[in-house]
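A.B. asks: Chain by chain, the residues:
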Amino acid sequence: DVKVTQSSRYLVKRTGEKVFLECVQDMDHENMFWYRQDPGLGLRLIYFSYDVKMKEKGDIPEGYSVSREKKERFSLILESASTNQTSMYLCACNRESNQPQHFGDGTRLSIL
Amino acid sequence: GENVEQHPSTLSVQEGDSAVIKCTYSDSASNYFPWYKQELGKGPQLIIDIRSNVGEKKDQRIAVTLNKTAKHFSLHITETQPEDSAVYFCAASGAVGFQKLVFGTGTRLLVSP
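Protein chains in written order, with our numbering: chain A, 81 to 192; chain B, -7 to 105.
Don't read these hints as lab results, they were simulated from the structure.
The reader is advised that the hints may include incorrect statements.
Think about it this way: if two alpha-carbon atoms lie no more than 30 Å apart in a straight line, the pair counts; the simulated DSS-like pairs of lysine-lysine are [claimed, not checked]: (1) A:K151 with A:K133; (2) A:K83 with B:K29; (3) A:K151 with B:K14; (4) A:K83 with B:K50; (5) A:K135 with B:K34; (6) B:K34 with A:K133; (7) A:K135 with A:K93; (8) A:K151 with A:K93; (9) B:K14 with B:K49; (10) A:K98 with A:K133; (11) B:K63 with B:K29; (12) A:K151 with A:K83; (13) A:K151 with B:K29; (14) B:K14 with B:K63; (15) A:K137 with B:K34; (16) B:K50 with B:K34; (17) B:K50 with A:K135; (18) B:K14 with B:K50; (19) A:K151 with A:K135; (20) A:K98 with B:K34; (21) A:K137 with B:K63; (22) B:K34 with A:K93; (23) B:K34 with A:K83; (24) A:K137 with B:K29; (25) B:K50 with B:K63; (26) B:K14 with A:K137; (27) B:K49 with A:K83; (28) B:K34 with A:K150; (29) A:K150 with A:K137; (30) A:K93 with A:K133; (31) B:K50 with A:K137.
Excised from the complex, chain A in its bound form (with noise of 0.2 Å):
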């Protein structure tokens, strides 16, 4: 089975601060996956990733930023964490396009 790591199960930080979230797969897969999920609007797509060093914005990418080093690695970056980033942010992986991505379980972020 694929196996997604997420760094952090809950994490509290400031506004203002630089937050980083980790997320790492052991499957080789090509693809990685930054989601936010908040109720009632289901699963967002923030950034993915198709290959080391290269990254796309997805639906809602303003004030995050990313980075994949590794290939197995994928990090998602709050430049200035604001209060409206508070939510729960979901790390997913999948071999290639149009194929079942395999989440982690989350990180939920407060921003106090």
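With chain A fixed as given, assemble chain B onto it according to the hints.
C.D. replies: Just chain B now, with coordinates in the frame of chain A:
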């Protein structure tokens, strides 16, 4: 871009009943439709998926149907059990360029014993 609508937002059934969750999509070129189950404190897990060249797919108590003409697809769970209680998400993936998933807003299913 693609837009996916999901109904109902909550669904309560008695154990043993059937449950149906419906989704509509906007992009007629979409060709991949997965369903995910999310239990409390966990990430979404794929439970079944269907591609646009197939009208129906079954896996034990779970089935998905796809109507391309009407642009809607549905999840059917028969003989529901309390462990089916979770949030279910549908998604659709387009056929142009890198195929990103667009998710519905989720259905909270509660199965009462």
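A.B. asks: Taking the hints in turn, state whether each one holds.
C.D. replies: Results for each hint:
Between K151 (chain A) and K133 (chain A) the CA atoms are separated by roughly 9 Å; this keeps the pair inside 30 Å, and the hint holds. Annotation: proposed proximity of K83 (chain A) to K29 (chain B) holds, straight-line Cα distance about 17 Å (limit 30 Å). For the hint pairing K151 (chain A) with K14 (chain B), the CA-to-CA distance comes to about 36 Å; that exceeds 30 Å, so the pair is violated. For the hint linking K83 (chain A) to K50 (chain B), the alpha-carbon distance of about 26 Å falls within 30 Å, and the restraint holds.
A C-alpha spacing of about 26 Å is found between K135 (chain A) and K34 (chain B), which places the hinted pair at or below 30 Å, so the restraint holds. Distance hint between K34 (chain B) and K133 (chain A) is fulfilled; the C-alpha atoms sit about 29 Å from each other, no more than 30 Å. For a cut-off of 30 Å, the pair hint linking K135 (chain A) to K93 (chain A) stands: about 25 Å separates their Cα positions. Between K151 (chain A) and K93 (chain A) the CA atoms are separated by roughly 28 Å; this keeps the pair inside 30 Å, and the hint holds.
Straight-line distance between C-alpha atoms of K14 (chain B) and K49 (chain B) comes to about 15 Å, which keeps the hinted pair within the 30 Å bound. Distance hint between K98 (chain A) and K133 (chain A) is fulfilled; the C-alpha atoms sit about 21 Å from each other, no more than 30 Å. Distance hint between K63 (chain B) and K29 (chain B) is fulfilled; the C-alpha atoms sit about 22 Å from each other, no more than 30 Å. Pair hint K151 (chain A) plus K83 (chain A) holds up; C-alpha atoms about 14 Å apart against a cutoff of 30 Å.
Under the criterion of a C-alpha separation no larger than 30 Å, the hint pairing K151 (chain A) with K29 (chain B) is consistent with the structure, at around 27 Å. Restraint check for K14 (chain B) and K63 (chain B): the C-alpha separation of about 11 Å stays at or below 30 Å, so the hint holds. Pair hint K137 (chain A) plus K34 (chain B) holds up; C-alpha atoms about 25 Å apart against a cutoff of 30 Å. For the suggested pair K50 (chain B) and K34 (chain B), the alpha carbons sit about 24 Å apart, so the restraint of at most 30 Å is met.
Of the pairs offered as hints, the one joining K50 (chain B) and K135 (chain A) is violated, with about 36 Å between alpha carbons and a cut-off of 30 Å exceeded. For a cut-off of 30 Å, the pair hint linking K14 (chain B) to K50 (chain B) stands: about 16 Å separates their Cα positions. Distance restraint check for K151 (chain A) and K135 (chain A): the Cα-Cα separation of roughly 12 Å lies within the 30 Å cut-off, and the hinted pair is therefore satisfied. Restraint check: the Cα-Cα separation between K98 (chain A) and K34 (chain B) comes to about 26 Å, which is no more than 30 Å; the hinted pair holds.
A distance of roughly 27 Å separates the Cα atoms of K137 (chain A) and K63 (chain B); the hinted pair therefore holds under the 30 Å criterion. Between K34 (chain B) and K93 (chain A) the CA atoms are separated by roughly 22 Å; this keeps the pair inside 30 Å, and the hint holds. For a cut-off of 30 Å, the pair hint linking K34 (chain B) to K83 (chain A) stands: about 13 Å separates their Cα positions. As the CA atoms of K137 (chain A) and K29 (chain B) are separated by approximately 26 Å, the hinted pair is consistent with the 30 Å bound.
Annotation: proposed proximity of K50 (chain B) to K63 (chain B) holds, straight-line Cα distance about 19 Å (limit 30 Å). Of the supplied pair hints, the one linking K14 (chain B) and K137 (chain A) holds, its CA atoms being roughly 29 Å apart against a limit of 30 Å. About 26 Å separates the Cα atoms of K49 (chain B) and K83 (chain A), which keeps this hinted pair within 30 Å; it holds. Between K34 (chain B) and K150 (chain A), the direct Cα distance comes to roughly 25 Å. Compliance with the 30 Å bound is thereby established for this hinted pair.
In summary, the hint linking K150 (chain A) to K137 (chain A) is supported, as the alpha carbons are separated by about 19 Å, within the 30 Å threshold. This hinted pair checks out: K93 (chain A) and K133 (chain A) have alpha carbons roughly 27 Å apart, not beyond 30 Å. At most 30 Å may separate the alpha-carbon atoms for a hinted pair to count; K50 (chain B) and K137 (chain A) exceed this at roughly 35 Å.
In summary, the structure is inconsistent with hints 3, 17 and 31 from the numbered list given earlier, while agreeing with the others.
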